[in-house]
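Residue numbers (the numbering used here), protein chains in the order written: chain A, 1 to 426; chain B, 1001 to 1215; chain C, 2001 to 2314.
Hint data in this document are derived by calculation from the structure and do not stem from the laboratory. Watch out, some of these pointers could steer you wrong.
[As the list claims (entries may be wrong)] List of simulated lysine-lysine pairs, DSSO-like, C-alpha gap at most 30 Å:
{"no.": "1", "chain 1": "C", "residue 1": "K2292", "chain 2": "C", "residue 2": "K2314"}
{"no.": "2", "chain 1": "C", "residue 1": "K2314", "chain 2": "B", "residue 2": "K1091"}
{"no.": "3", "chain 1": "C", "residue 1": "K2079", "chain 2": "C", "residue 2": "K2091"}
{"no.": "4", "chain 1": "C", "residue 1": "K2091", "chain 2": "C", "residue 2": "K2068"}
{"no.": "5", "chain 1": "C", "residue 1": "K2059", "chain 2": "C", "residue 2": "K2079"}
{"no.": "6", "chain 1": "C", "residue 1": "K2056", "chain 2": "C", "residue 2": "K2292"}
{"no.": "7", "chain 1": "C", "residue 1": "K2146", "chain 2": "C", "residue 2": "K2299"}
{"no.": "8", "chain 1": "C", "residue 1": "K2299", "chain 2": "B", "residue 2": "K1046"}
{"no.": "9", "chain 1": "B", "residue 1": "K1080", "chain 2": "B", "residue 2": "K1096"}
{"no.": "10", "chain 1": "B", "residue 1": "K1046", "chain 2": "C", "residue 2": "K2154"}
{"no.": "11", "chain 1": "C", "residue 1": "K2292", "chain 2": "C", "residue 2": "K2079"}
{"no.": "12", "chain 1": "C", "residue 1": "K2189", "chain 2": "C", "residue 2": "K2159"}
{"no.": "13", "chain 1": "C", "residue 1": "K2059", "chain 2": "B", "residue 2": "K1091"}
{"no.": "14", "chain 1": "C", "residue 1": "K2189", "chain 2": "C", "residue 2": "K2178"}
{"no.": "15", "chain 1": "C", "residue 1": "K2221", "chain 2": "A", "residue 2": "K276"}
{"no.": "16", "chain 1": "B", "residue 1": "K1046", "chain 2": "C", "residue 2": "K2068"}
{"no.": "17", "chain 1": "C", "residue 1": "K2189", "chain 2": "A", "residue 2": "K276"}
{"no.": "18", "chain 1": "C", "residue 1": "K2299", "chain 2": "C", "residue 2": "K2178"}
{"no.": "19", "chain 1": "C", "residue 1": "K2221", "chain 2": "C", "residue 2": "K2068"}
{"no.": "20", "chain 1": "C", "residue 1": "K2178", "chain 2": "B", "residue 2": "K1046"}
{"no.": "21", "chain 1": "C", "residue 1": "K2299", "chain 2": "C", "residue 2": "K2159"}
{"no.": "22", "chain 1": "C", "residue 1": "K2178", "chain 2": "C", "residue 2": "K2159"}
{"no.": "23", "chain 1": "C", "residue 1": "K2178", "chain 2": "A", "residue 2": "K276"}
{"no.": "24", "chain 1": "C", "residue 1": "K2299", "chain 2": "C", "residue 2": "K2056"}
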Amino acid sequence: MIIAARNYLVFLQRCARIAFVGDWRYYAWMGALTVISLLGLNAYAKQLVHGLIVTGMSDEVSWGVYIANFTFLVGVAAAAVMMVIPVYIYDNEELHDLVIFGELLAVAAIIMCLAFVTVDLGRPDRFWHLIPGVGQLNFPRSMLSWDVIVLNGYLLLNVHICGYLLYCRYQNRKPGKWFYIPFVFTAIIWAVSIHTVTAFLYVGLGGRPFWNASIVGPRFLASAFTAGPAIIILALQIIRHFTHYRITDKALLTLRSIVQVSMIINVFLLVCEVFKEFYSGTTHGVSARYLFVGLHGYHALVPWIWTAITFNLIAMVILVMPVSRSLRWLDVACVLSIVGIWIEKGMGLVIPGFIPTPLGAIVEYVPSLNETLVCLGIWAFGLLCYTLFLRMSVPILQGRIAQSNEGQPEIQGDEPEAPVSGASPH
Amino acid sequence: MLNRNASTNAWLAVLTVVFLGLGAFFLVSAGGRPVPRQVIPLVDPKFLSTAPWRQTYADLVRTNQDLSDYDCYGCHEKNKPPPIRYDLNHKIIIPKEHSDIVMGHGAHDRNNLCYNCHNEQNLLTLQVRDGREVGFDNIPQLCGSCHGPNLRDWEAGAHGRTSGYWDRNLGAMQRLSCANCHNPHAPRIPTREPAPGPHSLHGPVGSPPPVETTP
Amino acid sequence: MPTLTPPPDQTSDAAFSRRSFLRGCAAFGGLTALAASLAPLREMGDYTSTEQFLQKYYKELTPDDMAKVIARIEGEVQKEYGIRPHVRDLKPMDGVEFVYCLNLTRCIGCRKCVHACVAENNQSRNPEIQYIRVLKMPHGSMDVEKGDHTYDAKQVPEKGFFYMPVQCQQCHNPPCVKVCPVNATWQEKDGITVIDYDWCIGCRYCEAACPYWARRFNFTKPEIPKERLNPNMSYLGNRPRKQGVMEKCHFCIQRTRAGRYPACLEVCPVGARKFGNILDPESEVSYILREKRVFIQLKEEMGTSPRFFYYFDK
């Protein structure tokens, strides 16, 4: 028992060490992310002191880019399962060793989500009011209480799965099925639930007709399953470029087919939504009118949404054409879909729900500089976390860090990394 | 190898400098209010006043104020109802002694006979059309003789201003009389200046363009 | 399974220790910057105190707790405004359910109610928080999207328009209560939906949920001039709020639960506002709901069932 605990502590200590070791590119990248994160933290400190008045939000538009980014990132986190499903349900070999990168991305995305929700709170010091037993969690009536539960649960699930698989690989033993397969399947269902619950957060508000539409839930899933795997496709290529971890083109192309189908569904659902809002011509369509064409001379979001739609359409065309089997075109399509969906899910979903207000006033929303810095800081912090996770997990998966080489000279970071061929599957 | 080593070291040194510089920047920029406040003048206390617009005869009596306006027989002769003159359009001609009176009771200037309300036999009282005499301190009875539904609503507390206690067990409800709000000679409530409009947190509130209304 | 060790480290000891030193420098620089980035927090001031941080939920406060909390609040207000307030925790009365009726035929759009409310309920003057919003509506429509919020005519009412003040509708089925993740807002048995200002976490979900745009958020520390502070306060009502919490109309709890009329009603120059106990058949509101013909519950289709009725009487 004591030996097991000691071994685990050594594992943690070696993981922590490797996080601070790398070549100059690693230090430059991490340094840049740290600087941006700190700028964000500083901006948040100002917000904490002066209140949310330092953001562009108001009583009229009471949620802004914080909640917009939160919504987008919940989708990214949920989409990690799109790699798990082929592996564990369809036994796809190519993706098998890559699942963990998806799950680590989910962990990083959830950390960002929680950060975005926290910075949006007026009284973050009262977070403990949410803890059941100590506080007063309004479960199951409030959809936000559901969100608190599913997000934290999803974080724990993924931390457990990743941590367990990595530690097994570190000890070079086969993972016990009962210790992770049930969790993997729970995580698959859970992933759908986090995004559905987040959609219901909006859908449940009868006073906001723009959100109060049953199509919002399916659209959330479709867009998440487009943007999430698109991010993973890019991340895998970056990993492949900087390490010698074996990632095949075939694996990337498997993900491509997921992005392809989801994007087609996403665009189809968009068409459904636009038709309903505009053809019927009811007064409930005003928010959509504000978003797509502007209202009474106010049209701050119009260029954004048309950029998003253009990007999504171009991405869809590239994805359905055979050219997207070439990685260069696939990357273009991925970047376009990520940006397109980020706009559409963020600014395009959250902000127009508030314009006009339920009493018909139009107050536009523009994120303030301080608010933007906080957002950039959280994104940088999330990337920092993901880079750290990769920095720890890749050498473990490659066998460079293992229980068997404990005590031997550690990786220094800038030695030339010889291709490691023997990263054997368990 | 050496090259890589040196550039890693150089980057670490640069990072240290950048971090320290960033720290210094944070310390320098820490103070001050990041968002300048708009200027919003405090609202004029006249808009907070709950006082009635007008004072009735009863109010004047209660507060011992000058009642000379009600001393009709200071000028008029007793038992001699003042004559009422009309112009060619059947509009009442208001004598210059009463130039402060604007006749605007009822549509189309039809209610233009002073003795619809004033008692021609005794100018110190008012009269209902059925002949009942009513004092200046009991005007609801007079007004209600024509405006029945309004009197009914007023008696139920549904018409006119109230203040004080909704819970009669805890305190009294104060009522106002018709003439506290309505000028008996021109009872339509006059227009007035509105209190200032709202200020949004970051700037003006947008509204739809003015709607053309059909008369 | 063969394990692979990394290639042996070829750097000399001197280079190795130089590297460690530089890593240490960078880490130190990073930590310094981290600490410096929190410098704005020095101005936190009275953001919170231990008692405030640990304060219990309203419904869990015993009478003793409440007495202590009230004493603390009175002390805080006195320290900040130099006036000793009288804070009470007024409970709903038995056999009372409040209803508000607003006569749209009478309202002239003078906005006196807006400012009387601000004065009575100690709302922030800058940034401005107002519970009542008066809409100038064209004749013939109840579509709020046609309403003008910022009319600044020299004289009101203007021909061709009517005026509709909107405030918290004190719904029977309030969406704001349903969505609050921490139960910081709830409906009391006299029908008033209240907020525990010391429990709200400021997520603004209720603000998004309200179909009447009745809720307001303290985007910064509220600013109330000392000379305009109303010292007659109640716990769930008009005591000064903190930065970062929600507030809204509570039918002037500090007045109405003591039997008095709300401030917006008393200031209304035309008597358009009527308030009372719907369970008392003799009350004005009972009379109005019995005798008048047309009532509008704003956005009736939302299923919120407001206790606020608009009506016309001609």
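Status of the hints after comparison with the structure:
Between K2292 (chain C) and K2314 (chain C) the alpha-carbon distance is near 10 Å, which keeps this suggested pair within the 30 Å criterion. Distance check on the hinted pair: K2314 (chain C) and K1091 (chain B) sit about 28 Å apart at the alpha-carbon level, within 30 Å; holds. Note on K2079 (chain C) and K2091 (chain C): the hinted pairing holds, with a Cα-Cα distance of about 27 Å set against a maximum of 30 Å. At most 30 Å may separate the alpha-carbon atoms for a hinted pair to count; K2091 (chain C) and K2068 (chain C) meet this at roughly 17 Å.
Of the pairs offered as hints, the one joining K2059 (chain C) and K2079 (chain C) holds, with about 27 Å between alpha carbons and a cut-off of 30 Å not exceeded. Taking the CA atoms of K2056 (chain C) and K2292 (chain C), the gap is about 45 Å. The hint is violated against a cut of 30 Å. A distance of roughly 14 Å separates the Cα atoms of K2146 (chain C) and K2299 (chain C); the hinted pair therefore holds under the 30 Å criterion. For the given pair, K2299 (chain C) sits about 34 Å from K1046 (chain B) by alpha-carbon distance, which is inconsistent with the 30 Å threshold.
The straight-line distance between the Cα atoms of K1080 (chain B) and K1096 (chain B) is roughly 19 Å, inside the 30 Å bound, and the hint therefore holds. Between K1046 (chain B) and K2154 (chain C) the CA atoms are separated by roughly 16 Å; this keeps the pair inside 30 Å, and the hint holds. Among the hinted pairs, K2292 (chain C) with K2079 (chain C) is inconsistent with the structure: their alpha-carbon atoms are about 50 Å apart, more than 30 Å. Of the supplied pair hints, the one linking K2189 (chain C) and K2159 (chain C) is violated, its CA atoms being roughly 41 Å apart against a limit of 30 Å.
A threshold of 30 Å between alpha carbons decides the hint, and for K2059 (chain C) with K1091 (chain B) the separation of about 69 Å lies outside it, so the pair is violated. Only pairs whose Cα atoms come within 30 Å are accepted, and K2189 (chain C) paired with K2178 (chain C) is accepted, the gap being roughly 16 Å. For the proposed pair K2221 (chain C) and K276 (chain A), the alpha carbon gap of about 43 Å is over 30 Å, so the pair is violated. Using a Cα cut-off of 30 Å, the hinted pair K1046 (chain B) and K2068 (chain C) is violated, with the two alpha carbons roughly 38 Å apart.
A distance of roughly 41 Å separates the Cα atoms of K2189 (chain C) and K276 (chain A); the hinted pair therefore is violated under the 30 Å criterion. Taking the CA atoms of K2299 (chain C) and K2178 (chain C), the gap is near 18 Å; set against the 30 Å cutoff, the hint holds. Note on K2221 (chain C) and K2068 (chain C): the hinted pairing holds, with a Cα-Cα distance of about 24 Å set against a maximum of 30 Å. Taken as a hint, the K2178 (chain C) and K1046 (chain B) pair is broken in the structure, with Cα atoms around 40 Å apart against an allowance of 30 Å.
Annotation: proposed proximity of K2299 (chain C) to K2159 (chain C) holds, straight-line Cα distance about 25 Å (limit 30 Å). For a cut-off of 30 Å, the pair hint linking K2178 (chain C) to K2159 (chain C) is broken: about 41 Å separates their Cα positions. Between K2178 (chain C) and K276 (chain A) the alpha-carbon distance is near 28 Å, which keeps this suggested pair within the 30 Å criterion. In summary, the hint linking K2299 (chain C) to K2056 (chain C) is not supported, as the alpha carbons are separated by about 36 Å, beyond the 30 Å threshold.
Of the numbered hints given earlier, the model fails hints 6, 8, 11, 12, 13, 15, 16, 17, 20, 22 and 24; all others are met.
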